[in-house]
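First residue of the sequence shown: 1, per my numbering; consecutive thereafter.
These aren't lab readings, by the way, just hints derived from the structure by calculation. The structure presented is a predicted model; accordingly, all values stated were derived computationally and were not measured.
Below, simulated SDA-like cross-link-like pairs (lysine to any residue); rule was C-alpha separation at most 20 Å, straight line:
| id | residue 1 | residue 2 |
| --- | --- | --- |
| 1 | Lys842 | Glu818 |
| 2 | Lys314 | Gly410 |
| 3 | Lys605 | Val572 |
| 4 | Lys605 | Gly579 |
| 5 | Lys400 | Arg421 |
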Amino acid sequence: MRAKGFLLPAALALALTATPTTAFAAPADAAPKRPTGAVDLDVLFVSAHPDDEAGSLATLGQWKEQYGARAGVVTITRGEGGGNAVGLEEGPPLGIIREREERSAIGKAGVANLYNLDRVDFWYTASAPLSEQIWGHDETLGQIVRVIRQTRPEIIMTMNPSPTPGNHGNHQQAARFAAEAFQAAADPNAFPDQLRKEGLKPFRAAKFLRTGGTGSSSAGPQCAASFTPTVPTDQVFGVWEGTPSSSGKSWAEIEVDARREYVTQGWAGTAAAPTDPAARRCDFYTLVDSRVPYDPSDTSPAAILRGPVLPPVKGGLPKGTELYLTTDRFDVAPGESVEVTAHVRGGDRKLDVPRVALRAPDGWQVSAGKGLGTVVPAGQERTATFTVTVPKGADTGAQKLLTATLTTKGQGTGTTDEALRVVADVRGTLEPLPEVGLFREWAAEGGYGQLDTLIKPVLTIGSGQGREVRVDLRNVGETAQRGTVTLDLPAGFTADETTKSYADLAAGATGAVTFTVTNTDASLPTANEGGENGDYGVTITTTSTVGSTVETGALEIVPASEVPHAGGDHAVDGVASAGEYPGPELDLSRIWEGEASTPQDASAKGRIAYTEDALKVIVTVTDDVLGRKVVPQDCKRQRRTDSVEIIVDPKGNSSDTSTVFKAGIFPVTDDPANGNPPCWQRDADNRQGPGAETAPGMTVVSRVSSPYTGYTIETSIPFAVLPDAVDPTRMGFNVLVYDSDTQDLSSQSRLGWSTFTGVRADPYRYGLVTLPGYTPADRAPSAPVFPDTSARSVHSPQTIAQSAVDGVAPAAVARLPERTLTLTGQRPVAGGVEVTVKADRKGTAYLYGWDGDRALGSRTVELRPGRAVKVLVPVSDGTATSVLAAFEANGAALAKQAPIHR
1 MRAKGFLLPA ALALALTATP TTAFAAPADA APKRPTGAVD LDVLFVSAHP DDEAGSLATL
61 GQWKEQYGAR AGVVTITRGE GGGNAVGLEE GPPLGIIRER EERSAIGKAG VANLYNLDRV
121 DFWYTASAPL SEQIWGHDET LGQIVRVIRQ TRPEIIMTMN PSPTPGNHGN HQQAARFAAE
181 AFQAAADPNA FPDQLRKEGL KPFRAAKFLR TGGTGSSSAG PQCAASFTPT VPTDQVFGVW
241 EGTPSSSGKS WAEIEVDARR EYVTQGWAGT AAAPTDPAAR RCDFYTLVDS RVPYDPSDTS
301 PAAILRGPVL PPVKGGLPKG TELYLTTDRF DVAPGESVEV TAHVRGGDRK LDVPRVALRA
361 PDGWQVSAGK GLGTVVPAGQ ERTATFTVTV PKGADTGAQK LLTATLTTKG QGTGTTDEAL
421 RVVADVRGTL EPLPEVGLFR EWAAEGGYGQ LDTLIKPVLT IGSGQGREVR VDLRNVGETA
481 QRGTVTLDLP AGFTADETTK SYADLAAGAT GAVTFTVTNT DASLPTANEG GENGDYGVTI
541 TTTSTVGSTV ETGALEIVPA SEVPHAGGDH AVDGVASAGE YPGPELDLSR IWEGEASTPQ
601 DASAKGRIAY TEDALKVIVT VTDDVLGRKV VPQDCKRQRR TDSVEIIVDP KGNSSDTSTV
661 FKAGIFPVTD DPANGNPPCW QRDADNRQGP GAETAPGMTV VSRVSSPYTG YTIETSIPFA
721 VLPDAVDPTR MGFNVLVYDS DTQDLSSQSR LGWSTFTGVR ADPYRYGLVT LPGYTPADRA
781 PSAPVFPDTS ARSVHSPQTI AQSAVDGVAP AAVARLPERT LTLTGQRPVA GGVEVTVKAD
841 RKGTAYLYGW DGDRALGSRT VELRPGRAVK VLVPVSDGTA TSVLAAFEAN GAALAKQAPI
901 HR
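Using the sequences and the hints given, assemble the complete structure.
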């Protein structure tokens with residue numbers, strides 16, 4: 001598999017080659033020359049939030065119990081931006097609770113090492129670029145690289161890095177960081193201060209995988225062998241959850257037990273695992289990169305571990321031997337050649353008489369390899385280069401595998417492979433959504449072009465409306481080209497021209513042709529009810545002087561409406577009186593997530609109008625069961641129970657929700673002293689927080705029926721509280737309705753107007769409205785306000801207790817020398833524990849009385865160099881057995897634990 005490097009942005013390139021100037025810059029003596037006490041892991045799972053690893057705990061637990069494989073988890077945030085199903089804590093206090101839940105959950109799989117990076121969890125987003133912006137690229141990547149170099153895991157696992165519909169942007173960015181860290185940790189030029197000042201060494205992890213696999217399989221013990229990938233070149237491995245553990249439970253049951261530990265997420269009631277082994281599924285993992293040989297036909301639970309963690313199969317190469325392929329490009333046209341390099345690196349001993357044979361698809365030509373030599377010294381790399389030529393008549397639009405086999409004199413053999421995509425000389429593709437385009441650039445720069453196959457190209461169009469549709473052209477051939485692009489549209493759509501020409505597209509150049517497409521049949525179903533799961537297929541045929549190629553994409557119709565001026569006697573009173581809303585009624589009853597519902601169980605309708613200063617919206621919900629009423633202090637995260645979410649994208653062009661307005665409205669609260677009134681707040685938008693603070697002047701009236709059959713919400717949203725002036729010719733708008741029939745703060749059905757998977761975070765899939773006659777005020781857009789306070793590792797006794805023994809500093813910052821902090825004389829006294837603390841530099845010490853499970857009291861002390869301070873750490877409700885201490889100075893940290901003498 002490919003093992004290339006990412007093209008670094010200028011800021012990161014500077015960070016990798018010069019002394020860091022970030023908050024995590026380490027002092028010159030930040031750590032001993034060797035990372036004393038650092039744990040040695042086999043597997044590291046890189047995630048964004050507590051619970052992201054939950055679907056892999058059956059696998060990690062099996063590997064630990066059966067093969068002794070030790071796993072750890074990196075969690076970039078503590079999930080403090082999420083909901084709380086069992087209390088009122090939010091922000092950093094919630095983050096500390098969620099860390100404890102995560103440690104309990106992963107502990108059931110034998111995972112003890114958890115590394116939190118202290119990045120803020122801001123809100124649910126579908127945007128990786130926004131996640132990167134808020135977390136900071138260089139600093140966060142450096143922390144993950146530091147964990148890899150300290151814990152030295154042979155296998156790195158993560159989530160799906162691509163912007164597939166509904167994929168959390170935090171998950172995408174965490175996975176991209178993991179991919180970059182896989183490469184950077186091995187690069188001696190990456191984060192050099194970790195090597196020069198912290199005593200770390202580059203580390204070459206062996207394999208990099210993402211969770212899940214695109215394809216199909218059956219359940220049961222043979223699920224791994226039955227998997228059929230959608231893209232035949234994908235290497236997907238499965239681990240069956242039905243395997244029994246030593247406890248007598250299956251790993252599927254243990255994983256459910258673990259998931260129930262995430263109680264603040266509302267997972268305490270997770271359904272039991274299937275009792276029938278034939279119904280238990282596999283955990284699947286797709287190989288993204290590998291530096292070592294592997295056997296794609298191995299369907300055993302140990303397949304991923306084989307080679308770097310477990311001994312290779314009989315006849316395999318010595319453990320530690322590397323074999324991988326790189327190519328000078330991913331896309332190659334028929335009749336053209338690509339240079340392929342086989343990389344061979346010796347492990348603990350040299351390789352004698354190495355030979356690499358390269359196999360290509362039938363009809364392809366492969367030159368003899370050059371340059372490997374007669375021996376590969378231990379710990380050194382040698383390469384062999386090949387020229388591979390694709391036949392002129394090769395089919396295009398498909399990925400093909402090149403397979404390399406390394407043989408040695410009496411030391412075994414091994415194989416690896418690399419995918420290429422065969423494309424026409426000129427490839428025409430539907431223009432990508434902005435964040436899809438950024439992902440494709442990222443994947444290409446890192447040598448992971450095969451990940452592009454996960455994303456179906458789609459564009460949205462308003463019902464009965466038109467838009468420009470661009471077809472992007474790229475000449476991957478060696479000569480200038482000219483030709484045509486034909487757009488084949490489904491029934492109900494027309495284009496200004498069906499075929500357009502291009503000329504003088506130079507070799508290696510890009511270009512485009514643009515069509516004006518109109519949805520001429522406004523009766524076509526919109527959103528996820530239209531076409532095939534919302535997609536109306538489009539075919540693009542591109543010709544050149546040497547042939548033609550066909551690509552596919554889709555158009556998605558979003559609902560559209562005209563918003564009239566409100567009637568002259570309009571009042572916000574929860575009743576749509578005659579003439580108040582002269583426009584059409586909106587159907588808000590389509591399901592976009594969760595359980596199907598009947599009209600009596602959950603359905604809704606609405607209307608929208610405007611006055612010179614505000615939008616007026618009324619929503620009537622039919623509902624058979626009222627979900628749990630929240631107390632006024634818990635007026636947040638509306639998706640947990642019965643509620644309405646109103647969304648406005650002022651210009652109809654936002655790429656993420658930081659530039660939109662989102663109001664979550666609860667029809668009723670648990671506040672009998674005040675008549676159980678409604679409440680509202682802004683969530684995951686330009687300015688989160690209580691409605692009165694973040695949307696001054698917004699009015700909400702709720703009428704709840706008695707006996708209960710539903711409710712009506714009417715609201716007035718001042719234009720002044722929107723993030724920007726409205727474009728009256730194209731305003732994004734949506735209404736989402738959450739239906740809960742339980743008292744556990746979980747919604748079962750999610751309905752709305754424009755309905756797609758993950759639509760609440762995808763502005764491009766909101767409906768479109770026009771406001772004829774409205775003239776917006778001249779104003780500048782509002783800058784987004786992001787949460788900026790995260791839970792911190794120095795405030796987590798569990799993190800400090802771990803750090804004190806495993807050698808990784810709290811928050812994975814640079815580790816201070818052991819001599820930096822001393823704890824002496826710790827003893828119980830009246831009111832707590834007394835301890836003498838001394839540091840060799842100025843900094844802050846965070847002290848905790850610890851009983852082995854919980855902190856019983858805490859104290860924070862500012863220290864001066866060389867000055868001993870006697871500190872009383874208060875203790876209540878228990879007996880402390882030790883003192884935990886975290887010390888911070890100049891962006892570096894150290895953790896210690898000292899037993900209490902009695």
